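Engineer: Per our numbering: the sequence shown ends with 1111, consecutive numbering throughout.
Each hint can be trusted.
Mimicking BS3-like on lysine-lysine, the simulated pairs with C-alpha atoms at most 27 Å apart in a straight line are:
(1) 364 x 874
(2) 646 x 364
(3) 364 x 392
(4) 874 x 646
(5) 747 x 759
(6) 524 x 576
(7) 818 x 833
(8) 818 x 759
(9) 867 x 902
(10) 759 x 669
(11) 661 x 646
(12) 874 x 859
(13) 902 x 874
(14) 833 x 759
(15) 859 x 818
(16) 902 x 859
(17) 646 x 759
Have a look at the derived ranges for each label pair, beta carbon to beta carbon:
(18) 565 x 647: 32 to 40 Å
(19) 833 x 779: 20 to 28 Å
(20) 707 x 860: 53 to 61 Å
(21) 708 x 909: 43 to 51 Å
(22) 143 x 382: 29 to 37 Å
(23) 1045 x 1025: 23 to 31 Å
(24) 648 x 231: 55 to 63 Å
(25) 1035 x 642: 52 to 60 Å
(26) 962 x 691: 21 to 29 Å
(27) 143 x 638: 49 to 57 Å
Please keep in mind that the hints were generated in silico from the structure rather than gathered at the bench.
As the structure is a prediction and not an experimental result, all values here were calculated from the model.
Quick reminder that beta carbons are idealized off the backbone N, C-alpha and C, glycines included.
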Amino acid sequence: MSESRGSAGPADRHAREQSVTISFAGYDRAWAAWIGHVLERRGLHVVYQRWVGSREVVLAEHLRDLTLAPGRILIVLSKWYFQLGPRTHEEWNAALREVVAPDPDRFAAVLVTAEPVPTATAVLAAPDLNVGPQEAERRVFDRLDCLDLLRRPPTDPVDARRTPRFPTATPEIWGPTVPRRNTRFTGREDLLNEAYRVLQGAEPGAGVVTFHGMPGVGKTQLAAEFVYRFCVEYDVVWWVRAEKRPGYRRTLAELAPKLGLSTGADYGERLRAVRTSLRRGDPYAKWLLVLDGADEPEEISGLVPTGTGHVLITSRNPQWREHNSRLLEVPVYDRAESVAFVSRRAPRLTRDEAGQLAEALEDLPLVLDQTAGWLNDSDMSVARYIDLLEGSIDQDVVRVSPDFPMPFQRAWSILLGKLYEAVPESVDLLRLCSFFAPGLIPVSLLRQVPTDRLPERVANLLEDPQLWAKAVDQLQRYSVIPEEFRPADADEAITSDEPFYLHRMVHQIVRQNMPDEDRELFIDVVRRALVTADPRSPDKRASWDAYAQLVPHLKYADVLGSKDRGAQLLILNSLRYMYRSGEYAAGLELGERAMEAWRALLGENHPRVWEAAHHYTNLLRAVGNYQQSEVVARAAAEYLKEEQGDDSLAYLKAAQGLAADLRGLARYEEALQLCERLVRMCRSALSDNSETTLRAENNLAVCLRLLGRYEKARDQDRRTWEERRQKRGTEHAETLYSESYYATDLRLLGDHKQAGSIQEKNVGELRKAVGPNHDETLLAEHNLARCLYDGGDRRKGGALMADLRERSERALGEMRPNTLIIASSHSCFARRDGDIDAARAASESVIARYEMLFPDTHPYIAGARANHALILLDVGERDQAHELAEQSLARLTETVGTDHPWTMGCAVNASGVRKAVGDFDGAVELSGDTVERATVALGRTHPLTLCARIAFADDLRGLRRSQQADKVEQEALADLTATLDAQHPQLVSARSRRRPFWDFEPYSM
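Start from the sequences and build out the full structure, keeping to the hints where you can.
Structural biologist: Structure (structure tokens):
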């Protein structure tokens, strides 16, 4: 709907000749859109005319100008319509009597407010539309004297996707953090309409607009007004305070259950499900996401949803234009807007005084709001205030900061003094809250601290409800605390448990301008509140909401600067929470700051420093930064070994982390040697069945598996499984993990039936123990899918793997190691099943992601490229396949050796590619050598050895050595027949002389 748009439907000629001009305040756009829609559906021609009501023109002339519009004039009466200008009711009564009363047939009206309206509007006989949609529609047509049109069929069928929602109905999903509508909102019509035009005209996936401007110009209020003005066009409206990535992720993830998405409790899984739902427009295509205060686009731009809906951003950072967003600059008010706003905010001021104040404060909305608010309650003249404003700033009250516009600094100097004179406790409350993060202040945390541990000034404020209410009321009156951010169901009198909003500019200037004794007092109170609120259980999902609330405030309360043990434990628990919940970027930042701060505060090698280092390296491993993690972990292990001995628990924990880094860096032999040593030390220092010892035993099996020593890995995993069953029971999560690893070893040794039998039961138990989308559950299901597929049930195994790929990307994220393991297998299955396009797309994606995680020498990159060479061969790109296969074989030979199963599997493939490009001698040489190596390393009946033997026979035929080829083939077929069912696809394929290939499979590290 635009202000000048008109339309006509294919009704009869009489209806087409009828026109209605709807006059409305921009605030009531939703009503105008709905009324216009119901009129147009019955064949009326509708023109929309937004009412401006500028004071530069006599009000009666404005009304006469309306008569130039076509047809009946239907005025949407609301308090907003009469406030524009602003105008008094007396002015309106006079104008209505002069223009409307003499011409009652030309004017009509409907009423959409319960607020008092000018008495002369009685001439318009406006029916109240605050009823149900059907009755409201009847009243509109009745007032326009065309009820007969309702008895005719509409000109077009009802389309729920295009029909405006009835204005009193809220969208299907309405975010709980959407601010209240600002009843003093003024102007900004061009910006609102431009944002609407850009979003409506955007292609799917490109509907992103950023309101950009300096602090205090009203970006948030502008976004809120956009929401209320245009919400009838959306099914979902969700408001996110996006100052920091963790808070953004948490709030966006909370949309998942509202959308009816089936997910676990993990934020990462919910977030990915929400983004997928919004991208697809399922179940809602019309959605609006508001990201308020998103000043760090580099942190969250990658998480901004795309799709069928729209995204509205408020930010001080112009770099959003580099992230697929249209930037709309939000300036200060123009002078007319300033005067109109001040006139409503401070009715005692004349228009001239409002103009003088606006000029002095340079039209900055936040300053005008705060200043006009207290001037209205004061007997100070505007002239006197301007004299104070133009005087020198009291440096004891406000220190000049280049971060703020000068009018704000000067106005704040005066306002702070007035607040202190009127209610000193309001200044105390402000200063106290400035040690929380800006935005929504969780004052309920203060109530959790025993008052006998609080300074008397703070205790009195918290214990006396009247004193609290008085302080808050004073801050609200002068718009230091905006009322719009209070919950919609809050009581009129704000309580000491209810959060309130502190603007970033106010927050910063209060922090910068505070006596040192107050700073020490208030920061200590906030630290105590945060420490008291620590659930001390970061591994439990039930505690993650609490940590998500606490973490943003750690910086502002300078918790890292405290020597208190509880404060340090809060930091460590927060790091653990960030690791467990997937907040890696924020966790890495906090971990780095913690180590630096504690080295300076506590000493270079204080135990807290190494505890922080432990969490920091976990976070580094989670993002694949094994190089840096190894540096930190090695330094920690060496120091702890020297200071505490190699039998200390601290050293053993650090050394196990170092072993994980070595595995991540593909230094498998070095990792194996360290793990063997750790197992011996744990058994000696602790006990054979301590959890630390069992974890070391488990990690030793991981090293053996990565080195391709499957029998030793199986034996090690079986021992660990048995120990954990005895110590923890059969249904404990750690026991189930060991059982799953044992089943994986069995499959890698070729025992698909036994492995599948164990794994199927294990998957069911894991789902109950840790959930269906846990890392370990997904890895167990991956093993089950491979057992099924390689065991002959390709349909069931392939379907499970396809489901796993989607679930893992949603639950874990695309870059997690286990996601890539699953994606790699899914690509291989698609190639084997003949879906080459899907296989190629998945394979290219896996390679790209591995290249982002690891250096080019890593065996996982070489293996993924070896798999991709087979796809290139299938699509006829033989030369490229040959080059890639040879490069991959050389790389694997260099990194893990010629006798590793990965290398031998890649050699089977490379020999097939050699044959395809005509290098028959090279193919026979390579496959023959592979058979010999595989037989020694794995045994003559291992699946890889059998694959190599069949491939060798195929290569021999390429050289026309048929007699030798037949002998090799018959022996291999005999062994295949003894180990596989008669209808197993591998046996059927071998009998048909179809060349076999081998999948590279990365393992969990």
